[in-house]
Amino acid sequence: MGLWTVRVHSDPAYQVRDAETYADEILRMVDLLGPQGVAFGTDMEGAGTDAVLKRYVDLRAVADSLARRNIPASVLHDVCIGNYARVLKKAISV
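FYI, my numbering numbers position 68 of the sequence shown as 68, with every residue one higher than the one before it.
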């Protein structure tokens, strides 16, 4: 499951507001789904003005935040690229 970067800034119930809180939500999803079921949501084109992450380079800040939290390197790899690569490889091999 990917975490998309869009939010409605006027919705106080949605806690993802920046790279740090995006990382928080990624870890919450890992706790719920397991590390093999979570990936960055990278569909940013057309996300509009309410995007939490506005450029792909912003994902670096999320990866850095996750790395500072001392999660296992294998989980960091899977969430940042491994799971996406696995799913993409399977999808294009069908």
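What the hints contain is simulated information worked out from the structure, not anything from laboratory work. Small disclaimer: the values here were computed from a predicted structure and weren't measured. C-beta: ideal position from N, C-alpha, C; glycine also. Mixed in with the good hints there might be a few duds.
Estimated spans, in silico, between C-beta atoms of each pair [unchecked claim]:
| hint | residue 1 | residue 2 | range |
| --- | --- | --- | --- |
| 1 | Arg17 | Arg68 | 14 to 24 angstroms |
| 2 | Arg28 | Arg60 | 16 to 26 angstroms |
| 3 | Pro12 | Val94 | 35 to 45 angstroms |
| 4 | Arg68 | Ser93 | 13 to 23 angstroms |
| 5 | Pro12 | Lys89 | 19 to 29 angstroms |
| 6 | Ile81 | Glu25 | 12 to 22 angstroms |
| 7 | Ile92 | Gly37 | 18 to 28 angstroms |
Below, simulated EDC-like cross-link-like pairs (lysine to aspartate or glutamate); rule was C-alpha separation at most 20 angstroms, straight line [unchecked claim]:
| hint | residue 1 | residue 2 |
| --- | --- | --- |
| 8 | Lys54 | Asp43 |
| 9 | Lys54 | Asp24 |
| 10 | Lys54 | Glu25 |
| 11 | Lys54 | Asp31 |
| 12 | Lys89 | Asp24 |
| 13 | Lys54 | Asp64 |
| 14 | Lys54 | Glu20 |
| 15 | Lys90 | Asp43 |
Against the structure, the hints:
no., hint, result
1, Arg17 x Arg68: 14 to 24 angstroms, "18 angstroms, holds"
2, Arg28 x Arg60: 16 to 26 angstroms, "21 angstroms, holds"
3, Pro12 x Val94: 35 to 45 angstroms, "42 angstroms, holds"
4, Arg68 x Ser93: 13 to 23 angstroms, "35 angstroms, violated"
5, Pro12 x Lys89: 19 to 29 angstroms, "39 angstroms, violated"
6, Ile81 x Glu25: 12 to 22 angstroms, "18 angstroms, holds"
7, Ile92 x Gly37: 18 to 28 angstroms, "20 angstroms, holds"
8, Lys54 x Asp43, "11 angstroms, holds"
9, Lys54 x Asp24, "18 angstroms, holds"
10, Lys54 x Glu25, "17 angstroms, holds"
11, Lys54 x Asp31, "26 angstroms, violated"
12, Lys89 x Asp24, "27 angstroms, violated"
13, Lys54 x Asp64, "17 angstroms, holds"
14, Lys54 x Glu20, "14 angstroms, holds"
15, Lys90 x Asp43, "19 angstroms, holds"
Against the hints set out earlier in the document, violations occur for numbers 4, 5, 11 and 12.
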